[in-house]
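Two chains, two frames, some hints: make the complex.
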Amino acid sequence: AQTVTQSQPEMSVQEAETVTLSCTYDTSESDYYLFWYKQPPSRQMILVIRQEAYKQQNATENRFSVNFQKAAKSFSLKISDSQLGDAAMYFCAYFPRGNQFYFGTGTSLTVIP
Amino acid sequence: EPEVTQTPSHQVTQMGQEVILRCVPISNHLYFYWYRQILGQKVEFLVSFYNNEISEKSEIFDDQFSVERPDGSNFTLKIRSTKLEDSAMYFCATLGARTDTQYFGPGTRLTVL
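Those sequence lines, one after another, are chains G and P. Just so we're aligned, residue 6 is where the first sequence starts under the working numbering, counting upward by one. Just so we're aligned, residue 3 is where the second sequence starts under the working numbering, counting upward by one.
The set of hints was computed from the structure by calculation and includes no laboratory data. Accuracy of the hints is not assured; some may be wrong.
Unchecked claim - Restraint ranges, calculated between C-beta atoms of paired labels, are given here:
no.: 1; chain 1: P; residue 1: Glu58; chain 2: G; residue 2: Pro118; range: 42 to 52 Å
no.: 2; chain 1: G; residue 1: Ser79; chain 2: P; residue 2: Leu115; range: 38 to 48 Å
no.: 3; chain 1: P; residue 1: Glu87; chain 2: G; residue 2: Lys60; range: 39 to 49 Å
no.: 4; chain 1: G; residue 1: Ile117; chain 2: P; residue 2: Glu20; range: 37 to 47 Å
no.: 5; chain 1: G; residue 1: Phe69; chain 2: P; residue 2: Pro4; range: 19 to 29 Å
Claimed, not checked - Capping the alpha-carbon separation at 27 Å, the derived lysine-lysine pairs in DSS-like fashion look like this:
no.: 6; chain 1: P; residue 1: Lys59; chain 2: G; residue 2: Lys78
no.: 7; chain 1: P; residue 1: Lys59; chain 2: P; residue 2: Lys85
no.: 8; chain 1: G; residue 1: Lys75; chain 2: P; residue 2: Lys44
From the three backbone atoms N, C-alpha and C, an ideal C-beta is built for every residue, glycine too.
Same shape as in the complex, but just chain P (with noise of 0.2 Å):
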């Protein structure tokens, strides 16, 4: 069965530095989403994303957030400048022309410093 990866499973950082994290997402899907979820706390959305473009965004989602699909297959979110409330584990999930069922990523654990 078609899978989400994502890459680093880890990401150690120190606050200020920028990090990219990256997602491999199912063949033909269309809808690509991002999401956090701090350590104890529920899963939260940050940004979806379609056609090139974000197409939905919380406030989380502020200007040290950015997301782009660079090379066709790749789809990453960036974090310019870490904080230490960065600290969490960041989910990829996309979804197919279906529509009824988000495939999430195993996530990627980021911690600041």
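Pulled out of the complex, with its shape left as it was, chain G reads as follows (with noise of 0.2 Å):
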């Protein structure tokens, strides 16, 4: 079963600290993609940040950045220098290539001014 699970439905983190966000997931595919999305109040599905499983080394865009550990099924969210506007849900999803997205339930994050 395809299952992907966020253990924290909510976090906070003070301005410009940094903050890590966990997704745990189950498979047995070994190709496959993960994702971050974030989604804030208006409701609509941003793409933050994409990890290929093939690839060994983890993902960063600008300051967000993936710990990626495949053996473990463990796919991490780091927000460095966290700004008021990151305040949001974050969604992990995981993606066996060709198929459909399976999402957690995804954290809700406050950042604190």
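Written out as structure tokens, the structure is:
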């Protein structure tokens, strides 16, 4: 069964500090992709970062980076220098190639000024 | 950058009425998806569509739902007789030939009264 687990329903971080959001997934596939999406109050799904499972190097996008541990099936998101605009729901998603997306239940991130 | 568009952004309807949600995929994308997100919950897969037919559907996608691509551009989701529990955000997503990233539309908020 393809499942994605986000064990932190809510997180908070001081502005300019660093926060890490956790995600684990269950799969028997070897070729897949992992994503983090940000969902602000507008509820639009905004792609934050993408990781290809066959790449050992962790993806980075400016202040966002991931810690991808394939053997442990773990895919955490680190946000550095947190900004007020980072406040949102964050969804981890698992995507076996050519198939549907499987989403976690989300983590609500609050940024404290 | 090309993007997926959805109309309307918000639809209010009476229980039992039919609604059609529309999506304009990114040009030259071949795979199309509908997802649903009930307020406060995770994003759930409804259906995938390829080569003018459904390739996969979830248990949510019962006989009240249908999809089609009537004119080669729009991709529609029809709910024949809406129920209160159909109130949700509906996201369209499309996938290109690289099959590694789904691009999400901004969503349609459906409210059933």
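Status of the hints after comparison with the structure:
no., hint, in the structure
1, P:Glu58 - G:Pro118: 42 to 52 Å, "holds, 44 Å"
2, G:Ser79 - P:Leu115: 38 to 48 Å, "holds, 43 Å"
3, P:Glu87 - G:Lys60: 39 to 49 Å, "holds, 41 Å"
4, G:Ile117 - P:Glu20: 37 to 47 Å, "holds, 46 Å"
5, G:Phe69 - P:Pro4: 19 to 29 Å, "holds, 23 Å"
6, P:Lys59 - G:Lys78, "holds, 26 Å"
7, P:Lys59 - P:Lys85, "holds, 19 Å"
8, G:Lys75 - P:Lys44, "holds, 24 Å"
When the structure is compared with the earlier hints, no violation turns up for any of them.
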